[in-house]
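Chemist: Sequence:
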Amino acid sequence: MSTKPLGAQLSHMLKSRGVEVIFGIPGVHNQEMYRGIEEAGITHVLARNEQGAGFMADGYARATGKPGVAYVITGPGLCNIMNPVGQAYSDSVPLLVIASCLDETVATRGQLHQMLDQEGAGATVADWSETPRTANAAYHLIDRALLEFKTSRPRPKLMNVPIALLEAEAAPAADRSVQIAFDAPNSDQIARIAGMLSAAKRPVVILGGGACRAGGLAAEVATRAGAAVFMTNAGRGLYGDDAPLSFGACLSRPGSAEIMAQADLVLVLGSELSECDLWRGPLGHDCPMIRVDLDPQMLMDRHNVTDPVLADCTVFCEALLATMEPSGSDWDAAAITAMRAKWRAETDADRPGIVPLVDALRTVLPPETMIFSDMTQFAYVANETFPMDRPGHWHHPSGFGTLGYALAAAIGGKVGAGDNPVISVNGDSGFQYNIQELATAVELGLSLPIIVWDNGKLKEIEDGMIHAQIAPNAVVARNPDFCKLAEAYGARAVDPRSLEAFQHAVTEALATDGPTLIHVTPETALG
1 MSTKPLGAQL SHMLKSRGVE VIFGIPGVHN QEMYRGIEEA GITHVLARNE
51 QGAGFMADGY ARATGKPGVA YVITGPGLCN IMNPVGQAYS DSVPLLVIAS
101 CLDETVATRG QLHQMLDQEG AGATVADWSE TPRTANAAYH LIDRALLEFK
151 TSRPRPKLMN VPIALLEAEA APAADRSVQI AFDAPNSDQI ARIAGMLSAA
201 KRPVVILGGG ACRAGGLAAE VATRAGAAVF MTNAGRGLYG DDAPLSFGAC
251 LSRPGSAEIM AQADLVLVLG SELSECDLWR GPLGHDCPMI RVDLDPQMLM
301 DRHNVTDPVL ADCTVFCEAL LATMEPSGSD WDAAAITAMR AKWRAETDAD
351 RPGIVPLVDA LRTVLPPETM IFSDMTQFAY VANETFPMDR PGHWHHPSGF
401 GTLGYALAAA IGGKVGAGDN PVISVNGDSG FQYNIQELAT AVELGLSLPI
451 IVWDNGKLKE IEDGMIHAQI APNAVVARNP DFCKLAEAYG ARAVDPRSLE
501 AFQHAVTEAL ATDGPTLIHV TPETALG
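Sequential numbering of the sequence shown, starting at 1, is according to the UniProt record's numbering.
The set of hints was computed from the structure by calculation and includes no laboratory data.
Just so you know, not all the hints are guaranteed correct.
[Stated by the list, open to error] Computed spacing ranges between beta-carbons, pair by pair:
1. T134 to T507: 21 to 31 Å
2. P367 to G514: 22 to 32 Å
3. A322 to L116: 23 to 33 Å
4. T337 to G216: 20 to 30 Å
We put the CB at the ideal spot given by N, CA and C, even for glycine.
Let the sequences and hints guide you as you build the complete structure.
Modeler: This is the structure in structure tokens:
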């Protein structure tokens with residue numbers, strides 16, 4: 001059995017487990033991890049900042065359904081990637097970060113990249129942060145992470161490997177395979193839930209990101225129940241926006257609480273029902289709630305679940321559909337359509353001038369386009385008004401809410417999506433958090449439209465201050481000439497001044513080799 005330094009063996013092990021791409025930045029403390037990358041046949045994508053590497057790995061994971069993997073260095077490298085790790089935790093993304101760490105920190109101070117507690121720092125944002133002391137322990141942690149991604153709520157894992165251990169000779173990882181099987185829920189429980197749905201006159205089904213793996217099965221449950229349907233941002237595309245009883249992704253509209261108050265049964269499939277889903281306290285229901293989730297915490301939270309089901313949504317839906325019969329309800333499709341029109345008008349009034357741009361974008365994007373957005377008003381409006389006809393194709397940094405997500409995540413998404421179209425939607429402030437990753441997009445020759453919504457200020461914060469009767473402060477910042485900056489990196493750049501020019505720019509960018517920055521301002525919609 002031939003040995004290699006553990007740093008090289010890690011890449012060979014990851015390749016044997018199906019990993020094809022690693023994102024990262026080499027440094028003096030993690031160079032051993034780079035010894036085996038090419039030899040193992042893995043593609044490495046060089047980021048310009050570890051935060052960019054983490055978001056790229058996140059975007060790759062969302063685009064492919066495979067784990068995103070990143071290599072980073074001790075200390076500052078780990079700190080830089082903590083934002084992406086925190087975002088992946090909020091959004092249930094399978095992200096594996098492997099960092100080097102110092103061999104000894106108790107009796108020695110002043111070492112390069114030294115932290116007081118690297119493992120502990122990682123544990124504040126990751127599902128777990130562990131430090132192996134042997135090669136077999138490192139292999140164990142990788143296999144554990146990959147297995148947990150498949151069998152429980154996928155959340156980021158962090159492994160800190162001592163430098164001397166990376167340099168030490170090690171035997172290759174042993175082949176391991178695990179048979180995965182999920183038990184179906186109890187048949188009596190399924191029959192009872194089917195009966196509850198059949199008897200309900202005003203059932204509501206809420207579809208979250210955890211139901212995406214169930215695909216059309218979740219939509220079929222809602223249809224058979226005659227239910228009115230809401231989707232969270234992560235669940236967009238699971239149910240047709242044009243379906244007669246679809247409320248779309250409008251849970252955050254205050255009026256949705258009134259709809260919940262009319263329900264006589266609520267079924268929640270794979271959603272946290274978090275603050276970022278509702279933007280209010282209670283959901284608003286006063287009726288039984290059936291909640292299906294892989295995460296036990298979600299079944300015991302503040303939403304007063306009466307019928308908790310700890311299960312994978314796919315297995316649950318399959319069992320339920322084998323039992324339940326189609327039933328009608330008292331929901332009025334015309335009233336739902338009118339309510340959605342009212343909410344759309346509210347959204348337009350809340351953030352004027354963006355809906356026309358969102359509509360213009362929607363009409364020119366191929367249906368299979370994957371979209372990565374940042375924390376920007378353009379995305380907030382689109383989350384409610386841009387209909388999706390398939391799940392897992394609009395990715396937004398909910399929860400942790402990191403700025404600088406969209407560009408780097410779209411780069412990783414495009415690496416994973418290959419020839420399928422991908423676009424990035426950014427705000428002017430968030431774009432500058434990771435603007436340096438334009439170099440990576442240019443280097444890879446990615447066909448990637450990069451929309452920058454430039455209103456010259458932190459408009460959402462300004463609006464919040466005014467609403468709170470605070471004199472707006474520190475919300476206006478001098479922006480660079482984004483087009484010239486993009487060109488300096490080697491990207492194309494356009495500055496459309498009308499909706500038609502905007503649409504043409506997007507269409508042209510999708511057909512262009514290399515990234516294109518599309519600079520959009522409030523005046524674009526008026527041109």
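Chemist: Compare the structure with each hint and give your call.
Modeler: Each hint, compared with the structure:
Checked against the hint of 21 to 31 Å, the C-beta distance between T134 and T507 comes to roughly 55 Å, which is inconsistent with it. The hinted window of 22 to 32 Å between P367 and G514 holds, with their beta carbons roughly 24 Å apart. Checked against the hint of 23 to 33 Å, the pair A322 and L116 fails, with Cβ atoms roughly 55 Å apart. For the hinted restraint 20 to 30 Å between T337 and G216, the CB-CB distance of approximately 23 Å keeps it satisfied.
The structure shown violates the earlier hints numbered 1, 3.
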